[in-house]
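Protein chains in written order, with this note's numbering: chain A, 1 to 197; chain B, 1 to 150; chain C, 1 to 173.
These are computed hints drawn from the structure, not numbers from a lab.
Do not take every clue at face value.
[What the hints assert, rightly or not] Each computed DSSO-like pair below joins lysine-lysine, with the alpha-carbon atoms no more than 30 Å apart:
id : chain 1 : residue 1 : chain 2 : residue 2
1  : B       : K61       : C       : K23
2  : B       : K48       : B       : K86
3  : C       : K23       : B       : K97
4  : C       : K23       : A       : K36
5  : C       : K78       : B       : K97
6  : C       : K56       : A       : K20
7  : B       : K113      : C       : K56
8  : B       : K107      : C       : K23
9  : B       : K97       : A       : K36
10 : C       : K78       : A       : K36
11 : C       : K56       : A       : K166
12 : C       : K56       : B       : K107
13 : B       : K59       : A       : K36
14 : C       : K23       : A       : K95
15 : A       : K36       : C       : K56
16 : B       : K79       : B       : K113
17 : A       : K61       : C       : K56
18 : C       : K56       : B       : K115
19 : A       : K36       : A       : K162
20 : B       : K115      : C       : K78
21 : A       : K162      : C       : K23
22 : B       : K97       : A       : K93
23 : C       : K56       : B       : K66
24 : B       : K48       : B       : K79
25 : B       : K66       : A       : K93
26 : C       : K23       : B       : K66
27 : C       : K23       : B       : K59
28 : B       : K97       : B       : K48
29 : B       : K66       : A       : K95
30 : A       : K93       : C       : K56
31 : A       : K36       : B       : K48
32 : C       : K23       : A       : K166
33 : A       : K20       : C       : K73
34 : A       : K61       : B       : K113
35 : A       : K93       : C       : K23
36 : A       : K93       : C       : K78
37 : B       : K66       : C       : K73
38 : B       : K61       : C       : K56
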Amino acid sequence: MAELEYSSADDRVLVGAAQKGDTDAFEELVARHRDKIYARAFSMMRNEDEAIDLSQEAWVKGWQRLAQFQGESSFATWITRIVINLCLDELRKQKRRRTESIEELDEEAGGVERQMPAITTNPTERLERGELRQRIDRALQQLSHEHRSVLVLHEFEEMEYKEIAKAMDCSIGTVMSRLFYARRKLAALLADLKSEK
Amino acid sequence: MRPRLICACVLIVAALLFPVGSARAGSGDMNIEAQLIWGTNDTKPDSKLRPVGTVLSGKLKHSPFKWEHYFEVHREDFKANLNQEKTVTMSRNCVIKVTNIGNDQVKFQLVGKGKLVNTVSQGLPKGQLLITGGDAENSTAWFVVLRQVD
Amino acid sequence: MTSMTEEQQLRLQAFLDAELPEKDAREVAAWLAGDAEATRLAGELRNTRRALADFKPEWRVPESREFYWSKIKREMDKSAPVQAPAQSVSLFTLLRRILVPLGAVAVLALAGIITLHQVGAPAGHPVQVNAILADAGGYTYRDEAQGMTVVWLSYPAEKKLADSPSPDTLPQK
Chain A
1 MAELEYSSAD DRVLVGAAQK GDTDAFEELV ARHRDKIYAR AFSMMRNEDE
51 AIDLSQEAWV KGWQRLAQFQ GESSFATWIT RIVINLCLDE LRKQKRRRTE
101 SIEELDEEAG GVERQMPAIT TNPTERLERG ELRQRIDRAL QQLSHEHRSV
151 LVLHEFEEME YKEIAKAMDC SIGTVMSRLF YARRKLAALL ADLKSEK
Chain B
1 MRPRLICACV LIVAALLFPV GSARAGSGDM NIEAQLIWGT NDTKPDSKLR
51 PVGTVLSGKL KHSPFKWEHY FEVHREDFKA NLNQEKTVTM SRNCVIKVTN
101 IGNDQVKFQL VGKGKLVNTV SQGLPKGQLL ITGGDAENST AWFVVLRQVD
Chain C
1 MTSMTEEQQL RLQAFLDAEL PEKDAREVAA WLAGDAEATR LAGELRNTRR
51 ALADFKPEWR VPESREFYWS KIKREMDKSA PVQAPAQSVS LFTLLRRILV
101 PLGAVAVLAL AGIITLHQVG APAGHPVQVN AILADAGGYT YRDEAQGMTV
151 VWLSYPAEKK LADSPSPDTL PQK
């Protein structure tokens, strides 16, 4: 039987080997996708230590549930969903411990973002790519966990409203409000209309 | 069978060419240096603390640890007699127990707030470091660095 | 100040996100064609989406491959096996796996491989790590190049300050 060349093997081959108990194959999958999974966790948690812990926890859970993975999606998508759910669970736990700030309550209600006139300048035309990336990064940092999560799940994971609502255990209406608020706040920050914290 | 024999022969050759095990029987006492170190990304967290030496700093920076700066909080130099346990206080919360178990090996125990946290049995020939670490508040870290000195 | 209601704004957003049923989508498209304010808002929302589509942050795991994996592996070893228990790989099997592609150059490489696989064992002494506190998981990491063995203890965040031997104050001399 041919030896498995891990570094050049397709994900499906590695998953197949890992499902038979080959931890080396699983380690190759981890090495291959760890930055992506970490980045997803970091985009939601905005905390390096939490992102490391949760991404590692996702890998362990992925190992435990590997027998259930039947190839209905790519492996990367499957493990990404695991880390997203872990992040959402953690955010819910943190929210229970945290008292809501007045600003967060205002965010939930829509606040000034709902009322402000539309911004007509296009940030992708106006800003250099590097500066745009920095501004988006800073803007994401300023959103509440709920608003950031909705934005990440919709814009980066391309999830539909109802999928997001199910993942976040809220109504579709709440998803829509949070997404709207997050987008408008982002637009204002990119247009330099709001002072940064 | 043949591949195993071939592999065994290669192993023996390699072991002769590149001895990886110390054949020297370490006997007698060991002089040990223990440092309590704080890892942080602050350049000047506390004026009372001094940065660790460049050699150790370089090793820590080349490690997977993410901290940029390492400061010595406390240092103890002591003799670990053969088969005797030496208890050393590193800070108000941190006590270490080091036993020289012979052949350049130590048993290292970490006691935090009176509770035994961890035990490591490890070879500690000169030039090697044994580092135990964990998270501290504000995204910093503590380390206890153990080494055998002359 | 906008004259649009919140419901209109959210409906517009849903239209742009292709979340509306066909009939509702046609109604919004018709409304957009005749409403300047709605058109401006739609433009803003589209621009924001475009900016996010180009956003490719360079967030990477700030740990080496080995260190990151060592913590995962430790937890995996604690949990139940996936199907069959993981086969323990003898050193000979491992070496054969590596020797086959290396061929005749194996001798020099072999010494390095032996060293690499004596995890936590300078001078041939095995490492034994026993975490006494249930919460203090120890991850062992060996860096041959730096000549160091690291045992990293992970505490739950809430317990860090209470239980960890963190450097709090300098001892009184």
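To see whether the hints hold, each was checked on the structure:
Of the pairs offered as hints, the one joining B/K61 and C/K23 is violated, with about 61 Å between alpha carbons and a cut-off of 30 Å exceeded. At roughly 28 Å between alpha-carbon atoms, B/K48 and B/K86 fall within 30 Å of each other, so this suggested pair holds. A threshold of 30 Å between alpha carbons decides the hint, and for C/K23 with B/K97 the separation of about 76 Å lies outside it, so the pair is violated. Taken as a hint, the C/K23 and A/K36 pair is broken in the structure, with Cα atoms around 39 Å apart against an allowance of 30 Å.
The hinted pair formed by C/K78 and B/K97 meets the criterion: a straight-line CA distance of about 28 Å does not exceed 30 Å. A hinted pair counts as satisfied when its Cα atoms are at most 30 Å apart, and C/K56 with A/K20 does not qualify at roughly 35 Å. Only pairs whose Cα atoms come within 30 Å are accepted, and B/K113 paired with C/K56 is rejected, the gap being roughly 45 Å. Taken as a hint, the B/K107 and C/K23 pair is broken in the structure, with Cα atoms around 75 Å apart against an allowance of 30 Å.
Between the alpha carbons of B/K97 and A/K36 the distance comes to roughly 42 Å, so the proposed pair goes past 30 Å and is violated. Restraint check for C/K78 and A/K36: the C-alpha separation of about 25 Å stays at or below 30 Å, so the hint holds. A threshold of 30 Å between alpha carbons decides the hint, and for C/K56 with A/K166 the separation of about 26 Å falls inside it, so the pair holds. Note on C/K56 and B/K107: the hinted pairing is violated, with a Cα-Cα distance of about 48 Å set against a maximum of 30 Å.
Pair hint B/K59 plus A/K36 holds up; C-alpha atoms about 28 Å apart against a cutoff of 30 Å. As the CA atoms of C/K23 and A/K95 are separated by approximately 39 Å, the hinted pair breaks the 30 Å bound. With a CA separation close to 11 Å, the supplied pair A/K36 and C/K56 stays within the 30 Å bound. Under the criterion of a C-alpha separation no larger than 30 Å, the hint pairing B/K79 with B/K113 is consistent with the structure, at around 24 Å.
Our distance criterion of 30 Å between C-alpha atoms is met by A/K61 and C/K56, whose separation comes to about 27 Å. Among the hinted pairs, C/K56 with B/K115 is inconsistent with the structure: their alpha-carbon atoms are about 46 Å apart, more than 30 Å. Taking the CA atoms of A/K36 and A/K162, the gap is about 24 Å. The hint holds against a cut of 30 Å. A hinted pair counts as satisfied when its Cα atoms are at most 30 Å apart, and B/K115 with C/K78 qualifies at roughly 24 Å.
Between the alpha carbons of A/K162 and C/K23 the distance comes to roughly 19 Å, so the proposed pair stays at or under 30 Å and holds. For the given pair, B/K97 sits about 38 Å from A/K93 by alpha-carbon distance, which is inconsistent with the 30 Å threshold. Only pairs whose Cα atoms come within 30 Å are accepted, and C/K56 paired with B/K66 is accepted, the gap being roughly 23 Å. About 27 Å separates the Cα atoms of B/K48 and B/K79, which keeps this hinted pair within 30 Å; it holds.
For the given pair, B/K66 sits about 27 Å from A/K93 by alpha-carbon distance, which is consistent with the 30 Å threshold. A threshold of 30 Å between alpha carbons decides the hint, and for C/K23 with B/K66 the separation of about 55 Å lies outside it, so the pair is violated. Taken as a hint, the C/K23 and B/K59 pair is broken in the structure, with Cα atoms around 66 Å apart against an allowance of 30 Å. Only pairs whose Cα atoms come within 30 Å are accepted, and B/K97 paired with B/K48 is accepted, the gap being roughly 26 Å.
Proposed proximity of B/K66 and A/K95 is supported: the alpha carbons are some 28 Å apart, at most 30 Å. Our distance criterion of 30 Å between C-alpha atoms is met by A/K93 and C/K56, whose separation comes to about 29 Å. Our distance criterion of 30 Å between C-alpha atoms is broken by A/K36 and B/K48, whose separation comes to about 41 Å. Only pairs whose Cα atoms come within 30 Å are accepted, and C/K23 paired with A/K166 is accepted, the gap being roughly 25 Å.
Distance check on the hinted pair: A/K20 and C/K73 sit about 16 Å apart at the alpha-carbon level, within 30 Å; holds. About 33 Å separates the Cα atoms of A/K61 and B/K113, which puts this hinted pair outside 30 Å; it is violated. With a C-alpha separation of about 40 Å, the suggested pair A/K93 and C/K23 falls outside the 30 Å cut-off, and the hint is violated. Taking the CA atoms of A/K93 and C/K78, the gap is about 25 Å. The hint holds against a cut of 30 Å.
Straight-line distance between C-alpha atoms of B/K66 and C/K73 comes to about 21 Å, which keeps the hinted pair within the 30 Å bound. With a C-alpha separation of about 28 Å, the suggested pair B/K61 and C/K56 falls inside the 30 Å cut-off, and the hint holds.
Of the numbered hints listed earlier, those contradicted by the structure are 1, 3, 4, 6, 7, 8, 9, 12, 14, 18, 22, 26, 27, 31, 34 and 35.
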